[in-house]
Amino acid sequence: MFLAFVITLPLIIVLLYIIKQGVTQVNWHFLTNVPAPVGETGGGISNALLGSLIIVAMSSIVAIPVGILTGIYLSENPHTRLAYYSGLCVDILQGVPSIVVGIVVYFWIVKPLGTFSAISGSIALAIMMLPIVIRSTEQTLRLLPPSLKEAALSLGVPYHRVILKVIVPCGFAGILSGIMLSIARIIGETAPLLFTAFGNPYLSYAITKPMETLPHLIYTYATSPYDDWHNLAWGASFILLMFVLLLNIFTKLITRKWNIQL
Amino acid sequence: MLLLVVGILITLIIESLPSIKSLGIGFLWGKVWDPVQNIYGAYPFLIGTLLTSFIALIISIPFSYAISIYLGEYNPKGWLSNLLKNTIELIAAVPSIIYGFWGLFVLVPIIRSFEMKIHVAPYGIGVFTSSLILAVMIIPYAASLGITLIRMVPSPLKEGAYALGATRFEVIRSVIMPYTRSGLFAGVLLSLGRALGETMAVTMLIGNTSAVANTIKDAIFGPGNTMASVIANEFTEADHTVYLSALIELGLVLFFVTVIINLIGKRIITKFTNS
Chain E
1 MFLAFVITLP LIIVLLYIIK QGVTQVNWHF LTNVPAPVGE TGGGISNALL
51 GSLIIVAMSS IVAIPVGILT GIYLSENPHT RLAYYSGLCV DILQGVPSIV
101 VGIVVYFWIV KPLGTFSAIS GSIALAIMML PIVIRSTEQT LRLLPPSLKE
151 AALSLGVPYH RVILKVIVPC GFAGILSGIM LSIARIIGET APLLFTAFGN
201 PYLSYAITKP METLPHLIYT YATSPYDDWH NLAWGASFIL LMFVLLLNIF
251 TKLITRKWNI QL
Chain Z
263 MLLLVVGILI TLIIESLPSI KSLGIGFLWG KVWDPVQNIY GAYPFLIGTL
313 LTSFIALIIS IPFSYAISIY LGEYNPKGWL SNLLKNTIEL IAAVPSIIYG
363 FWGLFVLVPI IRSFEMKIHV APYGIGVFTS SLILAVMIIP YAASLGITLI
413 RMVPSPLKEG AYALGATRFE VIRSVIMPYT RSGLFAGVLL SLGRALGETM
463 AVTMLIGNTS AVANTIKDAI FGPGNTMASV IANEFTEADH TVYLSALIEL
513 GLVLFFVTVI INLIGKRIIT KFTNS
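Residue numbers (the numbering used here), protein chains in the order written: chain E, 1 to 262; chain Z, 263 to 537.
Simulated from the structure, these hints should not be mistaken for lab results.
Treat the hints loosely; a few may be bogus.
What the hints assert, rightly or not - Derived EDC-like pairs (lysine to aspartate or glutamate); straight-line CA-CA distance at most 20 Å:
1) E:Lys111 / Z:Asp501
2) E:Lys209 / E:Asp227
3) E:Lys111 / Z:Glu351
Unchecked claim - Derived Cβ-Cβ restraints for the label pairs, each shown as a range:
4) E:His79 / Z:Phe518: 26 to 32 Å
5) E:Leu143 / Z:Glu432: 43 to 49 Å
6) E:Ala57 / Z:Thr532: 30 to 36 Å
7) Z:Glu351 / E:Ile19: 17 to 23 Å
8) Z:Lys339 / E:Ile12: 22 to 28 Å
9) E:Leu203 / Z:Lys339: 47 to 53 Å
10) E:Pro112 / Z:Pro371: 26 to 32 Å
11) E:Phe5 / Z:Ser444: 25 to 31 Å
12) E:Pro78 / Z:Glu432: 57 to 63 Å
Unchecked claim - Looking from chain Z toward chain E, a few residues come up when the C-beta cut is under 8 Å (computed):
13) Thr273
14) Ile275
15) Leu279
16) Val298
17) Pro357
18) Trp364
19) Met466
20) Ala490
21) Val521
Glycine included, every Cβ here is placed at the ideal spot set by N, Cα and C.
All chains should be built: construct the whole structure from the sequences, respecting the hints.
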């Protein structure tokens with residue numbers, strides 16, 4: 001029982017420390033400027049904020065539709081051979097270390113294109129995101145009472161309309177919370193981005209060029225020897241941590257309100 | 263999905279072929295990793311990965327068991343238990359890079375002064391520091407699974423034991439523990455799979471040296487390297503084919519190990535929840 005409380009200490013300590021170090025860094029200037037070169041004070045993390053936003057948005061566009069469709073398929077046809085192997089693959093994919101995903105995407109996309117790019121980063125993140133979306137969609141839809149579907153079918157509604165108009169809306173909150181959890185998970189991923197999005201000290205909108213992201217900025221600046229850069233990294237950590245924790249708490253509230261078991 | 267997984271596997275194998283061909287199976291226990299001389303041996307990284315993961319497991323098991331038993335049996339309802347459970351889940355949500363950053367600036371000085379006291383070389387960074395952070399990161403996985411499993415113990419079993427005059431501790435020891443043993447073991451396996459593949463926090467804290475330590479003390483408190491961290495550090499610097507593909511072969515090994523561990527863990531859980 002004592003041990004159970006001790007374990008909450010790391011979270012509280014990390015949280016307080018990051019807030020203490022980070023909150024003084026964050027102001028409007030910090031959010032809207034690119035990092036300053038060594039020796040100059042000031043500078044911000046706008047490039048990383050924008051980069052994270054673009055990359056996560058792109059990976060969501062790829063992963064969410066595919067994930068939801070696969071999830072619907074798995075929950076509708078749980079006993080086919082294809083579903084069995086797909087389920088197995090989802091399990092495997094969930095266990096793949098993120099760094100390995102980075103390597104693979106490097107060979108799939110970075111090498112043929114000849115340059116590190118934001119696209120490759122978002123594909124790596126999409127691969128990490130897929131299993132979470134699939135599993136949460138599948139599990140939510142499985143919990144729906146079959147009578148709902150049967151009632152709709154008995155009214156003569158075609159099968160695809162049943163899925164679109166009955167199944168998906170009923171499980172919507174569960175699917176949504178799965179999506180939010182997966183976003184909270186991938187926005188903090190660094191390892192797959194090391195060899196794909198790579199990082200970029202300037203503000204960049206080009207998705208075929210290297211792009212900075214929050215976790216990567218923290219990594220490069222935290223391991224640098226300069227105090228100014230450490231401060232930048234603390235500020236960035238503060239923003240990243242707040243975003244991730246708020247997204248998680250928000251998801252919790254949704255699932256509690258809609259009474260969903262994930 | 264199938265395509266994706268098979269594709270990942272094939273890419274890894276094809277790209278690591280040059281090193282498999284030129285280095286053979288001896289790659290796995292070659293003790294020297296020296297890219298300048300073109301000598302590659304994975305032994306230091308295998309040892310590093312195993313050492314960090316197992317130390318982390320040993321540290322984390324008492325905590326995760328305590329949490330599972332406390333929240334599963336002693337205090338399953340109420341605001342305190344809800345608060346604790348949600349906090350534990352939030353621990354899992356913190357990005358690993360932030361643990362690494364925090365560990366580098368807060369944990370490392372603490373460990374350094376600790377190492378001075380027990381008279382080992384005060385690096386601060388090293389295998390032990392990474393294991394500590396890893397332990398914090400993997401506790402939530404084993405714990406949240408453990409809570410679910412302990413709550414699934416059928417109440418007739420527990421009530422029967424209570425009716426025979428067993429104390430709460432005896433019920434936990436002789437009814438709940440045996441009943442959930444395989445499930446708790448699976449939770450440990452899943453957190454092991456997570457610890458093996460963890461990259462960023464470990465890369466920042468382990469010190470990144472490819473030398474093999476001579477004494478046990480050095481191996482635990484000195485700097486080291488894991489498979490994931492060496493890939494993260496050297497992948498973009500690898501300048502010739504064999505070097506690069508040796509790194510990818512490490513990735514391949516990592517892929518197989520984590521996948522197998524994960525699948526075994528998942529199998530056990532499915533079996534447990536179905537029976």
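Each hint, compared with the structure:
{"no.": "1", "hint": "E:Lys111 / Z:Asp501", "in the structure": "holds, 14 Å"}
{"no.": "2", "hint": "E:Lys209 / E:Asp227", "in the structure": "violated, 29 Å"}
{"no.": "3", "hint": "E:Lys111 / Z:Glu351", "in the structure": "violated, 38 Å"}
{"no.": "4", "hint": "E:His79 / Z:Phe518: 26 to 32 Å", "in the structure": "holds, 29 Å"}
{"no.": "5", "hint": "E:Leu143 / Z:Glu432: 43 to 49 Å", "in the structure": "violated, 36 Å"}
{"no.": "6", "hint": "E:Ala57 / Z:Thr532: 30 to 36 Å", "in the structure": "holds, 35 Å"}
{"no.": "7", "hint": "Z:Glu351 / E:Ile19: 17 to 23 Å", "in the structure": "holds, 20 Å"}
{"no.": "8", "hint": "Z:Lys339 / E:Ile12: 22 to 28 Å", "in the structure": "holds, 23 Å"}
{"no.": "9", "hint": "E:Leu203 / Z:Lys339: 47 to 53 Å", "in the structure": "holds, 51 Å"}
{"no.": "10", "hint": "E:Pro112 / Z:Pro371: 26 to 32 Å", "in the structure": "violated, 45 Å"}
{"no.": "11", "hint": "E:Phe5 / Z:Ser444: 25 to 31 Å", "in the structure": "holds, 28 Å"}
{"no.": "12", "hint": "E:Pro78 / Z:Glu432: 57 to 63 Å", "in the structure": "violated, 41 Å"}
{"no.": "13", "hint": "Thr273", "in the structure": "holds, 5 Å"}
{"no.": "14", "hint": "Ile275", "in the structure": "violated, 11 Å"}
{"no.": "15", "hint": "Leu279", "in the structure": "violated, 12 Å"}
{"no.": "16", "hint": "Val298", "in the structure": "violated, 22 Å"}
{"no.": "17", "hint": "Pro357", "in the structure": "holds, 2 Å"}
{"no.": "18", "hint": "Trp364", "in the structure": "holds, 5 Å"}
{"no.": "19", "hint": "Met466", "in the structure": "holds, 6 Å"}
{"no.": "20", "hint": "Ala490", "in the structure": "holds, 5 Å"}
{"no.": "21", "hint": "Val521", "in the structure": "holds, 5 Å"}
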